[in-house]
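Visitor: What follows is the residue order along each chain.
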Amino acid sequence: MSSNNRKKLLLMGRSGSGKSSMRSIIFSNYSAFDTRRLGATIDVEHSHLRFLGNMTLNLWDCGGQDVFMENYFSQQKDHIFQMVQVLIHVFDVESQEVIKDIEIFTKALNQLKKYSPDAKIFVLLHKMDLVQRDKRQELFQIMMSKLQETSAAYGFPSLVGFPTSIWDESLYKAWSQIICSLIPNMATYQSNLKKLKSVMNAREIILFERATFLVICSSNTASGELLDPKRFEKISNIMKNFKQSSMKLKSSFKTLVLDNTIFVSELSPNMMCFIVLNKSDSPQELILENIKKVKVHFQ
Amino acid sequence: MNAEESNSKATILLMGLRRGGKSSICKVVFHNMQPLDTLYLESTSNPTMEHFSTLIDLAVMELPGQLNYFEPNYDSERLFKSVGALVYVIDSQDEYMNALTNFAIIVEYAYKVNPDINIEVLIHKVDGLSEDFKVETQRDIMQRTGEELLELGLDGVQVSFYLTSIFDHSIYEAFSRIVQKLIPELPFLENMLDNLVQHSKIEKCFLFDINSKIYVSTDSSPVDIVTYETCAEFVDVTIDLHDLYKIQSDADEMGPQREVKSVSALNNGVVIYLRQMIRGLALVALIRPDDTDVESCLTVVDYNVDIFKRGLEQVWAHARIMPAEVEGNKT
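Those sequence lines, one after another, are chains A and B.
Counting from 1, position 166 in the first sequence corresponds to residue 178 in the working numbering; the numbering is continuous, with no gaps.
Counting from 1, position 167 in the second sequence corresponds to residue 158 in the working numbering; the numbering is continuous, with no gaps.
Okay, chain A solo, but in the shape it has when bound (with noise of 0.2 Å):
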């Protein structure tokens, strides 16, 4: 049991397609504008991460130069690609070659089939923000039929994609519903969130990690109601740089109150819930008991 709470994730792609800065950002704070700075990574870099407690992510940032490129499939394929649980291929939009990457891609895959062949396969078609912005969903759609041919070939038919940059929300909603994937007990905190949300008569309600400020699940109704699609991903980045902002203060937040109808506060060590209400004359210290009480059931 233990074994399965710890998460094997290869993060792979060729040179320069964005894969540690993805990780610097997500799991280590860094802004995008730092991400200049990072070299290129020598081998494979390890991070051990613990997310929601229980679980621990290994993620494995391989260097995507082609000398360590060839060593992965040759004498390391066997370390590298054994139990593996995800492997996130990172896709340059603005790459010269792409029949190499493709076929780097079908190197990986290979070894998966042997080696972990429950792996979960997703790709992020990174660095949109290159290509007009007319452009990218046909660029998008057009990579995905190729990249979703070509797994299915390697016996992994449900290959999902998500189009990312570091410059905006995307790279938030991709990593989010990448994580997600790996969460054991979702169907319960939905559940919980859902009943949460009637007792407090919100609009909405969202969970989301606290360290990474990644998307756990929402408690969202198709009720009609005309909110932004992002929504989740801009209150991601915006919570984020808001922690970073505090963190000035030598301190982290703990809860955030606007204008009474928005509330974040910390539910567990690990989750901090977003809750909107739909009106805001009900009084605060009822609401912060709710909040107290609820935080039992997502221990």
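Wrong hints could be hidden among the right ones.
Chain B stretches covered by chain A per the calculated footprint, using a threshold of three residues with CB under 8 Å from any CB of chain A [claimed, not checked]:
| id | stretch |
| --- | --- |
| 1 | 209 to 223 |
| 2 | 229 to 236 |
| 3 | 251 to 260 |
Below are the PhoX-like pairs computed for lysine-lysine, each with C-alpha atoms no more than 20 Å apart in a straight line [claimed, not checked]:
| id | chain 1 | residue 1 | chain 2 | residue 2 |
| --- | --- | --- | --- | --- |
| 4 | B | Lys252 | A | Lys291 |
| 5 | B | Lys237 | A | Lys291 |
| 6 | A | Lys262 | A | Lys252 |
It is worth saying that the hints were derived from the structure and are not from the lab.
Quick caveat, the model's predicted, so the values are computed rather than measured.
From the three backbone atoms N, C-alpha and C, an ideal C-beta is built for every residue, glycine too.
Go by the hints and put chain B onto chain A.
Guide: Chain B in isolation, oriented as in the chain A frame:
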């Protein structure tokens, strides 16, 4: 007639040699442009005005730097008369001897036409310099300008220097100081804020312009740049979250717009507090409740801020009448 009209507005003149970063400053401060995007700005060839309304109405006028040497003509005389402050931008990463000569000529002229003018120098683009070099550059520039002005017989002129960069908060801080010099009600504001701070366990508070994040006033305790940054970022966080969940139908309904208020507690006991005030201003305060209960502390703050807001409304009501009266007395 024209002069009178522009008199009602305090104008800031933004000048400097070409490619010194004047347009970038305008875009970053007043249009929230990302600093990196300013790399692609074109050369400005015509004077451009930037209107900016906060507690007072301001206009920032940017003059193109290409005019090789400043040639005073009739128009510039009227221009300098109507101006409240002259901001000269010096590129610290470039050879600045030319800029200093140019600056001295401008100051000589401006001072002759309008002795009340505030003269400010931005030693700009200091983000690339090391800490030691910054101090060295500032000292050098200050000394050389002093010499230049002395030569022109203008040693009495008060010149303020600021080290700025658009990649951090220093440009906002400098502009805040510059704008504050133009607000006639500043001593009242500072006094009022001091009173507020004294009675509500507030460590530091700022009166921000929400759009530009320039602070119009603060209490008299020294400004710590870190505190300023945190408060400015808190304004951003609040506004962004607020906009995300704004109910569309509410905006259509007429009636008094509800004021934005947000409170955040940190783990070390500090509370950041934001309340919307009049005319696009927001009060942001850092509160240290120490041993007392946070709830009761906030209640006291709320009560005091209510009074402060009423005070602000009254000061503003009088400020609007004042210029007309002064005008009347003159004629």
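Visitor: Decide, hint by hint, whether the structure agrees.
Guide: Hints, one by one, checked against the model:
1. Interface restraint, the stretch 209 to 223 of chain B with chain A: holds (4 residues with C-beta to C-beta distance below 8 Å; minimum three).
2. Counting residues of the stretch 229 to 236 of chain B whose beta carbon lies closer than 8 Å to any beta carbon of chain A gives 6, which meets the minimum of three for the stated coverage.
3. Taking a C-beta to C-beta cut-off of 8 Å, the stretch 251 to 260 of chain B contributes 9 residues in contact with chain A, enough for the three needed, and the coverage statement holds.
4. This hinted pair checks out: Lys252/B and Lys291/A have alpha carbons roughly 15 Å apart, not beyond 20 Å.
5. Simply put, Lys237/B and Lys291/A have alpha-carbon atoms about 12 Å apart, close enough for the 20 Å limit, and the pair holds.
6. Restraint check for Lys262/A and Lys252/A: satisfied, since their Cα atoms lie roughly 15 Å apart, inside the 20 Å limit.
Comparing the model with each numbered hint stated earlier shows that all of them hold.
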